[in-house]
Amino acid sequence: MFKRLGDTGATLTVTIDGKPIRARIGDTVASAMLAAGIDHCRTTPVTGAARAPYCLMGVCFECLVTVDGVGSRQGCLVPVAEGMKVETQLGKREAGR
Amino acid sequence: MAADSYDVAVVGGGLVGVATAWGLSREGLKVVVLDEGDRDVRASRGNFALVWVQSKGLGLAPYAGWTIRSSNAWGGFSDLLKQETGLDVCFQRPGGFTLALSEKELENRAATLKRLREQPGMVDYKIEIMDRERVRQMLPDIGPDVVGGSFCELDGHVNSLRLFRTLHKAINERGVTYLPSHKVETITREGGEFQLHTQGGTITAGKVALAAGNANMRLAPMVGLECPMRPERGQIVVTERLRPFLNHPVVTLRQTDEGTVMIGDSKEDSTDPSGLTLGVSATEASRAVRMFPLLKSANVVRTWSAIRVMTQDGFPIYDQSETHPGAFTVCCHSGVTLAANHALSVAPMIARGKLDTSLVAPFSARRFHVQEAG
Numbered sequence: 000m001f002k003r004l005g006d007t008g009a010t011l012t013v014t015i016d017g018k019p020i021r022a023r024i025g026d027t028v029a030s031a032m033l034a035a036g037i038d039h040c041r042t043t044p045v046t047g048a049a050r051a052p053y054c055l056m057g058v059c060f061e062c063l064v065t066v067d068g069v070g071s072r073q074g075c076l077v078p079v080a081e082g083m084k085v086e087t088q089l090g091k092r093e094a095g096r
Numbered sequence: 000m001a002a003d004s005y006d007v008a009v010v011g012g013g014l015v016g017v018a019t020a021w022g023l024s025r026e027g028l029k030v031v032v033l034d035e036g037d038r039d040v041r042a043s044r045g046n047f048a049l050v051w052v053q054s055k056g057l058g059l060a061p062y063a064g065w066t067i068r069s070s071n072a073w074g075g076f077s078d079l080l081k082q083e084t085g086l087d088v089c090f091q092r093p094g095g096f097t098l099a100l101s102e103k104e105l106e107n108r109a110a111t112l113k114r115l116r117e118q119p120g121m122v123d124y125k126i127e128i129m130d131r132e133r134v135r136q137m138l139p140d141i142g143p144d145v146v147g148g149s150f151c152e153l154d155g156h157v158n159s160l161r162l163f164r165t166l167h168k169a170i171n172e173r174g175v176t177y178l179p180s181h182k183v184e185t186i187t188r189e190g191g192e193f194q195l196h197t198q199g200g201t202i203t204a205g206k207v208a209l210a211a212g213n214a215n216m217r218l219a220p221m222v223g224l225e226c227p228m229r230p231e232r233g234q235i236v237v238t239e240r241l242r243p244f245l246n247h248p249v250v251t252l253r254q255t256d257e258g259t260v261m262i263g264d265s266k267e268d269s270t271d272p273s274g275l276t277l278g279v280s281a282t283e284a285s286r287a288v289r290m291f292p293l294l295k296s297a298n299v300v301r302t303w304s305a306i307r308v309m310t311q312d313g314f315p316i317y318d319q320s321e322t323h324p325g326a327f328t329v330c331c332h333s334g335v336t337l338a339a340n341h342a343l344s345v346a347p348m349i350a351r352g353k354l355d356t357s358l359v360a361p362f363s364a365r366r367f368h369v370q371e372a373g
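Top to bottom, those sequences are chains A and B.
For the first sequence, numbering that gives the first Met the number 0 gives the first residue as 0, with consecutive numbering after it.
For the second sequence, numbering that gives the first Met the number 0 gives the first residue as 0, with consecutive numbering after it.
If we strip away everything but chain A, and leave its shape as in the complex, we get:
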């Protein structure tokens, strides 16, 4: 769905639900997921509806994901890092994660 404007810049690898994807240094988790063609990053706590990153500026909280074991991180505010483990957050966050 999304296409990068240019194709330059150094890349690194993160995993999304265990699957490696290439991201660019400076990407946020949310933009890296969108660029990789991932169509949702979580499901809602109440109805289980799929949600994707939306505002990309820290306001809407649609892009919540689990990053390196910590739940409810705002994917649009977390820069990617080599080897980072991102997980889709399904429904309610697990307490203590």
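None of these hints come from the bench; they were simulated from the model.
From the three backbone atoms N, C-alpha and C, an ideal C-beta is built for every residue, glycine too.
It is possible that part of the hints are untrue.
[To be verified] Simulated DEER-style distance windows between Cβ atoms: (1) B:Glu172 <-> A:Arg21: 51 to 61 Å; (2) B:Trp303 <-> A:Gly57: 36 to 46 Å; (3) B:Thr282 <-> A:Gly57: 23 to 33 Å; (4) B:Leu293 <-> A:Ala49: 25 to 35 Å; (5) A:Arg50 <-> B:Val299: 39 to 49 Å; (6) B:Thr282 <-> A:Thr43: 26 to 36 Å; (7) A:Thr46 <-> B:Asn298: 15 to 25 Å; (8) A:Cys59 <-> B:Val299: 14 to 24 Å.
Dock chain B against the given chain A, drawing on the hints supplied.
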């Protein structure tokens, strides 16, 4: 009967008022609820939503029996509301805890329960002191600082905002007239009827039930009653929705049916509902994390202050006026816990025009005047 004339005017549209109005309407009466506006103090929007028994009655033994009566009636009450409205208020009674974070706290707790039990006329109900291991079997996520606690199988909780909405829907469907922005300024009684002079005009009613929370202090003397109050402020911290981990409510902390964790039970001498004291919510949160360390990483999504409705001695006040026949007070702190009683016991008494002294005599405000109590 004129359009603005009613059998009963209930003053106050909070939980106590609407529960009473619902009960009065079940008795076939034409009822009006007079409420203030949404910019006024709204205790029923800010409460903690426990249906709670343990600890109640220290200093006034009959309050324990009155509370247990409501706790026992609550299941049937929520079923009735569901039948009428289709809404589930999520009442659960899995038993609840008070947790101790030091041996000293546990000793104090045991001493309090002993004093409670040893009161003359105290109804016998089960509250157990449990050691850490027994608590852990029921609450597996407690932290190392929890040394034990007390457990009462009668304790429960409810979705309080949904209860509020459900009662409003129920009275609306029953044809009760709800008038917001009708703050009652004065009440007079002429020609065998009450005239309630409000911001929105004068309402006439055969009977008056004062259910206005802390404002009962101002209103009760207008009908020959009194209702001494001492409002206090509480603060609540709310987390994001989490997967269920807490099967029993704790008096200071509960996980709602929707997954959020509410942390509360602070007390401050303030009547300003718009202020938050960071030190107070930080202390609440810190104790919560010591009780359940997995809350350490939970995101807080809301905090708020609310003013507790509190009578001067903390116990309910139910009275009927001798000088103004047909005027009643229905006033208490625990509008959620006692909602079943107000709907199913007190409202029928008001409909009959006479409080049942076998049930509510201990709760007359005459107790504040030892010489006159007789």
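Okay, the hints, checked on the actual structure:
{"no.": "1", "hint": "B:Glu172 <-> A:Arg21: 51 to 61 Å", "in the structure": "holds, 59 Å"}
{"no.": "2", "hint": "B:Trp303 <-> A:Gly57: 36 to 46 Å", "in the structure": "violated, 23 Å"}
{"no.": "3", "hint": "B:Thr282 <-> A:Gly57: 23 to 33 Å", "in the structure": "holds, 29 Å"}
{"no.": "4", "hint": "B:Leu293 <-> A:Ala49: 25 to 35 Å", "in the structure": "holds, 27 Å"}
{"no.": "5", "hint": "A:Arg50 <-> B:Val299: 39 to 49 Å", "in the structure": "violated, 21 Å"}
{"no.": "6", "hint": "B:Thr282 <-> A:Thr43: 26 to 36 Å", "in the structure": "holds, 32 Å"}
{"no.": "7", "hint": "A:Thr46 <-> B:Asn298: 15 to 25 Å", "in the structure": "holds, 20 Å"}
{"no.": "8", "hint": "A:Cys59 <-> B:Val299: 14 to 24 Å", "in the structure": "holds, 18 Å"}
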